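Peer 1: Here is how the chains run, residue by residue.
Protein chains: 2
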Amino acid sequence: MRVSELSVESGVAIATIKYYLREGLLHQGRQLAATRAEYDDSHLRRLRLIRALLEVGRLPVAAIKQVIEAVEDESLSVHHMLGTAQYALGPTIEPEPGEEWDAARGQVDLLIEELGWDVAATAPARDELTQTVIRLGQLGLSSDLTVYAQTAQRLVTEVEMDTVPFDGPREAAVEALVLGTVLYGRAFDALRRLAHESESARRVGGVPENPSVPENVDGSGQPG
Amino acid sequence: MRVSELSVESGVAIATIKYYLREGLLHQGRQLAATRAEYDDSHLRRLRLIRALLEVGRLPVAAIKQVIEAVEDESLSVHHMLGTAQYALGPTIEPEPGEEWDAARGQVDLLIEELGWDVAATAPARDELTQTVIRLGQLGLSSDLTVYAQTAQRLVTEVEMDTVPFDGPREAAVEALVLGTVLYGRAFDALRRLAHESESARRVGGVPENPSVPENVDGSGQPG
Numbered sequence: 001m002r003v004s005e006l007s008v009e010s011g012v013a014i015a016t017i018k019y020y021l022r023e024g025l026l027h028q029g030r031q032l033a034a035t036r037a038e039y040d041d042s043h044l045r046r047l048r049l050i051r052a053l054l055e056v057g058r059l060p061v062a063a064i065k066q067v068i069e070a071v072e073d074e075s076l077s078v079h080h081m082l083g084t085a086q087y088a089l090g091p092t093i094e095p096e097p098g099e100e101w102d103a104a105r106g107q108v109d110l111l112i113e114e115l116g117w118d119v120a121a122t123a124p125a126r127d128e129l130t131q132t133v134i135r136l137g138q139l140g141l142s143s144d145l146t147v148y149a150q151t152a153q154r155l156v157t158e159v160e161m162d163t164v165p166f167d168g169p170r171e172a173a174v175e176a177l178v179l180g181t182v183l184y185g186r187a188f189d190a191l192r193r194l195a196h197e198s199e200s201a202r203r204v205g206g207v208p209e210n211p212s213v214p215e216n217v218d219g220s221g222q223p224g
Numbered sequence: 001m002r003v004s005e006l007s008v009e010s011g012v013a014i015a016t017i018k019y020y021l022r023e024g025l026l027h028q029g030r031q032l033a034a035t036r037a038e039y040d041d042s043h044l045r046r047l048r049l050i051r052a053l054l055e056v057g058r059l060p061v062a063a064i065k066q067v068i069e070a071v072e073d074e075s076l077s078v079h080h081m082l083g084t085a086q087y088a089l090g091p092t093i094e095p096e097p098g099e100e101w102d103a104a105r106g107q108v109d110l111l112i113e114e115l116g117w118d119v120a121a122t123a124p125a126r127d128e129l130t131q132t133v134i135r136l137g138q139l140g141l142s143s144d145l146t147v148y149a150q151t152a153q154r155l156v157t158e159v160e161m162d163t164v165p166f167d168g169p170r171e172a173a174v175e176a177l178v179l180g181t182v183l184y185g186r187a188f189d190a191l192r193r194l195a196h197e198s199e200s201a202r203r204v205g206g207v208p209e210n211p212s213v214p215e216n217v218d219g220s221g222q223p224g
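One line per chain: the protein sequences are R and F, in this order.
Note that the working numbering has the first sequence beginning at 1, numbered continuously upward.
Note that the working numbering has the second sequence beginning at 1, numbered continuously upward.
Quick caveat, the hints were computed from the structure, so don't treat them as lab data.
Quick caveat: nothing in here was measured; it's all calculated off a predicted structure.
Please note that a few of the clues may not be correct.
It does not matter which identical chain is used: a pair holds within one copy or between any two.
Stated by the list, open to error - Each computed SDA-like pair below joins lysine to any residue, with the alpha-carbon atoms no more than 25 Å apart:
| # | residue 1 | residue 2 |
| --- | --- | --- |
| 1 | LYS65 | GLN107 |
| 2 | LYS18 | LEU139 |
| 3 | LYS65 | ARG105 |
| 4 | LYS65 | ARG154 |
| 5 | LYS18 | GLY90 |
| 6 | LYS65 | VAL12 |
| 7 | LYS65 | LEU115 |
| 8 | LYS65 | ARG135 |
| 9 | LYS18 | SER143 |
| 10 | LYS65 | VAL204 |
| 11 | LYS65 | LEU139 |
| 12 | LYS18 | PRO60 |
With these hints in hand, go ahead and build the complete structure from the sequences.
Peer 2: Structural data, given as structure tokens:
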């Protein structure tokens, strides 16, 4: 297809497609003449991935470029490629060396080891978790994250990773990982807040515990 | 204690304390003389709450003011007060009326009803979830969030709400809710990404499935 059709099919403006071509995010089409090139499904797939990284992952163009490079470099394993995308999605945490940091990091590493997880020593989420453990401790909250970790493992193993097509085109695997990480993460966060509200109603809202009671007599289920 | 001691005890600068007093976020001390006032534990507790809302919750001062008003208005139930804080923590989503929105919102409402959750019809997380369901559908991902909802419920019911002291000072309950929502949310998100990496290694990394094997021969457990 021509660039105009690629634009219609993908929903990406022609000027934007040309920008992606110049930046090397989108691979060149098959050149038919000096000003005409032919594009195919691989370009559509790539544009879908770029949009996912940009609009859902909210990654800056420089990070998108890194992810695309890992997609294009077929000498990299699918695992390495997915790791590049996953690492780009998380925040970058600067370690704060010192006793407090080392102790919290030790706690995080031990947790991951006890769970038997196969995670690189350099995974940035280890630092992110270390910072959160320190903050929890400073604020007097429990930093025992075992139940959270087991819950995350169950969700990822039993539900989430099944949405990633490991056997298809490399773009499709990365796209599914990015969309799943961000969107299911957002959904879980909203559901957790709704569960908070419901549990708070049950504990102190004065709402009858039996949900089949037809009316919420004191209206206390409406905190907002 | 005097304002200088309050500053030392709380770790909040005197100028900042005076700003909170002027803004009405911190209640006045007991006036001893024209320029001297006496502060007590209730002020320390309030400063802790303000810091939690500001530094961990990252709420703007206007939102903090709303939460503080709900804390101070003892005619409001603890449930209503916690709801005010919880609602302030989430993003504000503008509904996009139309068939797509209504269908997704119907799906969200049905999910909450089927779970038997006691959640206000006006809870903003319903809109947030609606928007995510639409996005999942547009991108061809499953919008069945039942397992996520059940998982969130289990975490909140069995672990998270136990950290909220419903019987103590109102400030303490709000503080625990805010810190728990934000910090455990952050921890879960990081753990989920680590679980992704581990599960990806297990599925495609070529790592021996038996974790007791001493060496990761091809180094593919290291995506970064």
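Peer 1: Of the numbered hints stated earlier in the document, which are not met by this structure?
Peer 2: As far as the earlier hints go, 1, 3, 4, 5, 7, 9 are violated by this structure, in ascending order.
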